[in-house]
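Quick mapping for you: the protein sequence lines, in order, are chains U and S.
According to our numbering, the stretch in the first sequence is residues 1 to 246, in order.
According to our numbering, the stretch in the second sequence is residues 1001 to 1057, in order.
Keep in mind the hints are simulated off the structure, nothing from the lab.
Hints are not guaranteed to be accurate.
Among chain S residues calculated to face chain U with C-beta under 8 Å, some are [unchecked claim]:
| no. | residue |
| --- | --- |
| 1 | L1003 |
| 2 | L1035 |
| 3 | L1042 |
These stretches of chain U come out as covered by chain S in the derived footprint (C-beta under 8 Å, 3 or more residues) [what the hints assert, rightly or not]:
| no. | stretch |
| --- | --- |
| 4 | 63-70 |
| 5 | 93-102 |
| 6 | 123-131 |
| 7 | 151-161 |
| 8 | 212-226 |
This structure is a prediction, so every number in the text was calculated from the model and none was measured.
The beta-carbon is built from N, C-alpha and C at its ideal position, and this holds for glycine as well.
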Amino acid sequence: MALIDLANPTRFLRLADRVLPWLAAATVLAFAVGLTQAMNAPDDYQQGATVKIMFLHVPGAWLGMFGWTVMSVAALGTLVWRHPLADVAGKAAAPLGAAFTFICLVTGSLWGRPTWGTYWVWDARLTSMLVLLLLYLGVIALYWTAEDPNRGSRAAAVLTLVGALNLPIIKFSVDWWNTLHQPASVLRLGGSAIDPSILIPLLVMAFAFTLLFVTLHLATMRNEILRRRLRTMQMMQAQALAEAGA
Amino acid sequence: MNLGPHADFIIVAYAVTAFVVAAMIAWVVLDHAALRRMLGDLEEQGVTRRSRRKDEA
């Protein structure tokens, strides 16, 4: 099957039905391994056992940003090629990205209290992450409240591309400004600053969360295609009833 | 496993994450079931999409 064939919603639904059970099983397996490693990881010499919160917080942050990246690519597909499946992908990713950003903010806050002495501080990293959550909520509102779905999709795509400017701000905020949040310690020049005994569980958990995102994104895309079919059929039924009554 | 003096923060972080993940999964599964049911009801009433009629012709 050529990649372009997947752009057909019916073929995409068939593929999703076939692939989803395998993806779900792989996600459960990855979480079983990741959580076992996370629970058995040694305490940090400074932070103690609170370092275990990192196994949730960091994947949450990565997937919050990954979700917006997926939406940005989809927004280009919506605005440039006007492809309906691109719009489906963008709309389906928004609530998932918002949920992972929420996980990042809440777990970060719970990690911050014992390590920094505060749940929240208005520094550049935390604030730009909160802005990402608000952008997600704005896009979700545009998708779900627009009377004309096509206009709502275009408006959401434009907001998504404008909001993509926030991604490098989040990434480099710890370098550009003086922040309470630590600088990059996993993805950085010169290699990771984290000991392998903690880095490996973190990477396995990040892989498990990524599989979860991919699985849920495929499932929400399938639901969105079905929702659009339902809308079309309901309009056809209403039209038929109106013609019968005339 | 000893979670130390800040065990409450660790447990709440894992509980909140588990709740959010479970809520996402439940939303997706329940939404899928409801959409399938509504589409089935419409098809039973004889409403079919134009592209499907074309496929069957």
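Verification of the supplied hints:
1. L1003: holds (5 Å)
2. L1035: holds (4 Å)
3. L1042: holds (5 Å)
4. 63-70: violated (count 0)
5. 93-102: Since 4 is at least three, the answer is holds.
6. 123-131: violated (count 0)
7. 151-161: Since three or more residues must qualify, the claim that chain S covers the stretch 151-161 of chain U is violated, with 0 doing so at under 8 Å.
8. 212-226: holds (count 7)
In this structure, the hints that do not hold are numbers 4, 6 and 7, in rising order.
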